[in-house]
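Student: Sequence:
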Amino acid sequence: MNQFTKKLMIAGMCVCVTASTLTGCGVKSDSTVATVNGDKIPYGLLNFVVRYNQAQYEPFYTAYGAYFGLSSDVSVWEQSMDGETTLGENMKNEVLESLEEMYLMEDHMAEYNVTITSEEREAMEKAADEFLASNDQATLDAMTADKDTVVRMLELDTIYVKMQAALYDSADTEISDEEAAQRGITTAFFSIETSVDATPADATDGDAQDEATPGEATPGDATDAAKEKAQKVLDELKKGKEFEEVLQKVDDTITATYTTYGEDDIELSEEIKAAADALTEEGQVAEELVEADDGYYVVQLTTALDREATDEKKEEMILDRQSEAFDTAIEGWKEGADISVKTKVLAKIDFKDSMSTVYTEEEEEMTPADATIADATDADASPAEAQTEE
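Quick note, our numbering runs 3 ahead of the 1-based positions in the sequence shown.
These aren't lab readings, by the way, just hints derived from the structure by calculation.
Note that the Cβ used here is the ideal one computed from N, Cα and C, for glycine as well.
The hints are all genuine.
For each label pair, taking beta carbons as the anchor points, the in silico distance ranges come out as:
no.: 1; residue 1: F63; residue 2: T120; range: 29 to 39 Å
no.: 2; residue 1: T120; residue 2: E270; range: 44 to 54 Å
no.: 3; residue 1: L308; residue 2: S272; range: 19 to 29 Å
no.: 4; residue 1: K241; residue 2: D85; range: 46 to 56 Å
no.: 5; residue 1: Q234; residue 2: M320; range: 31 to 41 Å
no.: 6; residue 1: D151; residue 2: Y261; range: 55 to 65 Å
no.: 7; residue 1: M112; residue 2: D151; range: 17 to 27 Å
no.: 8; residue 1: E87; residue 2: S179; range: 42 to 52 Å
no.: 9; residue 1: M112; residue 2: I342; range: 10 to 20 Å
no.: 10; residue 1: S75; residue 2: Y115; range: 42 to 52 Å
Please work from the sequences and hints to get the whole structure.
Tutor: See the structure below:
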């Protein structure tokens, strides 16, 4: 499901269409723009969803177009951010693809015991009536919005929400501690760059006077100083002393950092990970310093299993498995489906009219990014108002 149909809302929202003229395209609302296993997707439905999304995104692109490299002199929908497809074409294609996926979900509802209740249908009817009553006819005509079309979109969105939940439930969400295990390590980094100017914390005033000045220091001096301090810390830790206590004595500008990682971690360097993996007991330190391009690390195993991080990893893995189950089902249905598109009918949807959404004071806390069509069936917000400017 793409960005343009993941988040939608009808009830409680004001759709304001502004254009120098509102012209029809000459295509009947019930004309077929695509078929999915013989089921027809009408032009009016596709146009309605496209227009609705256009109204939500156009103010955003207009306001922040410069950030995306868009020109203020040309319609945002005629411009491209990838250098290949215009935003308008991208929206049309993505909305159509989403509708195709919704139709496929509808075909497979029975397999997952998914149904729409009479109460849900009543809520859809109510939401559609409020939307239609709150927008003027010019706006509705531009959106090819009639009751059947709005109710159909609400129906498809409800099917999507329920089928997504059903497909998520089909995923294996049993994950053991071993699968998600996150170890916790404490490290201290001794930078070559900062060591050239640093004076060891235990040096005397006399020693400091004998130190080379920054201008006389060499890269070799910096490397030796960093490695010497790191080795002192490592030696003290091997004696069983506390990390923070040792750092305070050797160099109080260095701080210890606690990090969790697992088998699939890609942020931790392979050298640090290898050194940490070799540690078996909590409190144990890596036998040797871990050398990096710009300094040295001291690595200590703090906990063999960080409970909080492991539980968070489990949740992440569950979400990944659920998403995979959903995507696998959709792609499988697509591969076996008979889908055709009438490109000439699709091309009739253009972006000559400018659309935007506005909110009443009571609705200002609900934004398009936060609200879904499912919310619309339960919404108690006041009916939307719309206007057309010529």
